[in-house]
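Using this note's numbering, the first residue of the sequence shown is number 5, and each one after it goes up by one.
It is possible that part of the hints are untrue.
To be verified - Think about it this way: if two alpha-carbon atoms lie no more than 30 Å apart in a straight line, the pair counts; the simulated DSSO-like pairs of lysine-lysine are:
no. : residue 1 : residue 2
1   : Lys-162   : Lys-214
2   : Lys-214   : Lys-89
3   : Lys-348   : Lys-258
4   : Lys-24    : Lys-267
These are calculated hints, taken from the structure and not from any lab test.
Please read these numbers as outputs of a predicted model, since none were measured by experiment.
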Amino acid sequence: MKLTLPKVNYKLKNKDYLKKIKSITQKKDYSSNESSSILPYETKYLNESQNLSKKFSNYSTLILVGIGGSNLGVKAIENILIGSKQKQILYADTVDSDNINQILEKAIGELRHGRKVCINGISKSGTTLETMQNLEFLIEKLTEYGLTPEDIILTSDKKTNFHEMALENKCHYLEIPKTVGGRYSVFSNVGLFPLAFKGIDVKKILEGAKKAMELDNEIIDSVSFELACLNKQKDVENIFVFSNSFEDYGKWLKQLTAESLSKKNSKKKIIPMVTIGTTDLHSMSQLFYSHPENFFHCFYEIESNTSSKIGDADLEKTMRNIQTAVQKSFDKKKIPYSTLRISKTPEEIGLLMQFQMIKTMLLAKELGINAFDQPDVEEYKKLIREN
Numbered sequence: 005m006k007l008t009l010p011k012v013n014y015k016l017k018n019k020d021y022l023k024k025i026k027s028i029t030q031k032k033d034y035s036s037n038e039s040s041s042i043l044p045y046e047t048k049y050l051n052e053s054q055n056l057s058k059k060f061s062n063y064s065t066l067i068l069v070g071i072g073g074s075n076l077g078v079k080a081i082e083n084i085l086i087g088s089k090q091k092q093i094l095y096a097d098t099v100d101s102d103n104i105n106q107i108l109e110k111a112i113g114e115l116r117h118g119r120k121v122c123i124n125g126i127s128k129s130g131t132t133l134e135t136m137q138n139l140e141f142l143i144e145k146l147t148e149y150g151l152t153p154e155d156i157i158l159t160s161d162k163k164t165n166f167h168e169m170a171l172e173n174k175c176h177y178l179e180i181p182k183t184v185g186g187r188y189s190v191f192s193n194v195g196l197f198p199l200a201f202k203g204i205d206v207k208k209i210l211e212g213a214k215k216a217m218e219l220d221n222e223i224i225d226s227v228s229f230e231l232a233c234l235n236k237q238k239d240v241e242n243i244f245v246f247s248n249s250f251e252d253y254g255k256w257l258k259q260l261t262a263e264s265l266s267k268k269n270s271k272k273k274i275i276p277m278v279t280i281g282t283t284d285l286h287s288m289s290q291l292f293y294s295h296p297e298n299f300f301h302c303f304y305e306i307e308s309n310t311s312s313k314i315g316d317a318d319l320e321k322t323m324r325n326i327q328t329a330v331q332k333s334f335d336k337k338k339i340p341y342s343t344l345r346i347s348k349t350p351e352e353i354g355l356l357m358q359f360q361m362i363k364t365m366l367l368a369k370e371l372g373i374n375a376f377d378q379p380d381v382e383e384y385k386k387l388i389r390e391n
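Build the full structure now, drawing on both the sequences and the hints.
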């Protein structure tokens with residue numbers, strides 16, 4: 005991973021916070037909000053997920069029932085790294101009846117052809133409404149086609165509805181550490197089991213994530229750049245990914261940013277958006293050029309793993325040329341941007357995602373806000389429960 009940033013004149017007040025995160029990691033202090041930083045070094049969850057995935061090695065399909073932090077990280081990594089083409093993950097992440105029925109039909113088709121299907125319900129609290137309803141619906145319908153408790157994995161905090169349900173029905177159970185928030189949980193059992201099921205090398209992902217702890221200067225420079233932009237009232241961050249395979253990564257980062265950094269008690273906030281190059285460029289460039297005062301951008305330059313030459317045409321070279329042209333035009337208009345060059349390997353993706361999580365923690369510290377709560381999200385959830 006290579007990060008390129010413009011020079012900015014902004015000094016951080018809380019650089020030593022990174023030392024605190026490292027101390028929490030070294031001590032394996034799971035009482036701290038920052039405990040997600042421990043996960044790349046934690047063998048317990050890695051072993052649990054890898055061992056359980058072996059029991060499902062002859063299954064063709066996993067239905068992941070979860071929403072937000074419970075599935076976005078998995079979806080992001082799977083779409084980038086792909087894994088085994090002999091297995092598929094179906095994502096039940098909405099209560100859209102058409103979507104859930106399409107998933108049901110695919111699962112029934114697999115079972116009718118003699119292939120095996122498992123369900124992984126993920127909810128940190130064990131009470132997420134959409135997840136509970138989708139899970140109950142799928143279990144009820146697929147039980148008619150031979151689904152058993154042995155085909156069900158429930159992932160949550162201990163002493164939750166999911167934990168009790170697993171014990172009562174003799175389903176498989178995977179724990180989420182209590183202090184690890186959903187949007188920071190991708191390197192826990194939340195992400196490790198589904199990715200291991202798909203044949204993705206989760207050990208290499210964690211090895212890459214460890215290297216983020218060595219990138220103090222890059223984290224500090226990135227936070228300084230974003231705060232300098234905020235000081236100029238540029239509060240819309242465009243996650244500009246030049247690869248369709250990174251679209252779900254952009255959605256994962258969008259949740260991490262919005263939920264962690266937009267709080268009522270802060271005068272500054274970051275509004276994240278995701279743009280896919282070159283698809284969205286034909287429409288969104290009008291906005292970026294006509295109102296440059298609102299935006300700062302992070303370009304993702306993706307190194308492809310496959311050849312893209314057709315005769316004399318090189319598709320990857322064309323993509324790079326388009327990205328370079330956009331950046332040059334931004335330079336002329338003095339639109340601020342950073343560039344992240346990343347390769348599609350497990351180590352690099354682990355490094356990238358851990359880098360973003362630690363950066364978010366430091367950015368919140370500088371803004372004087374809590375990176376780990378989401379008090380305003382609870383308002384609509386409370387109204388749903390009342391109805």
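These are the hints, each one checked on the structure:
Under the criterion of a C-alpha separation no larger than 30 Å, the hint pairing Lys-162 with Lys-214 is consistent with the structure, at around 26 Å. For the given pair, Lys-214 sits about 28 Å from Lys-89 by alpha-carbon distance, which is consistent with the 30 Å threshold. Our distance criterion of 30 Å between C-alpha atoms is met by Lys-348 and Lys-258, whose separation comes to about 20 Å. With a CA separation close to 23 Å, the supplied pair Lys-24 and Lys-267 stays within the 30 Å bound.
Consistency with the previously given hints is maintained throughout, with no hint failing.
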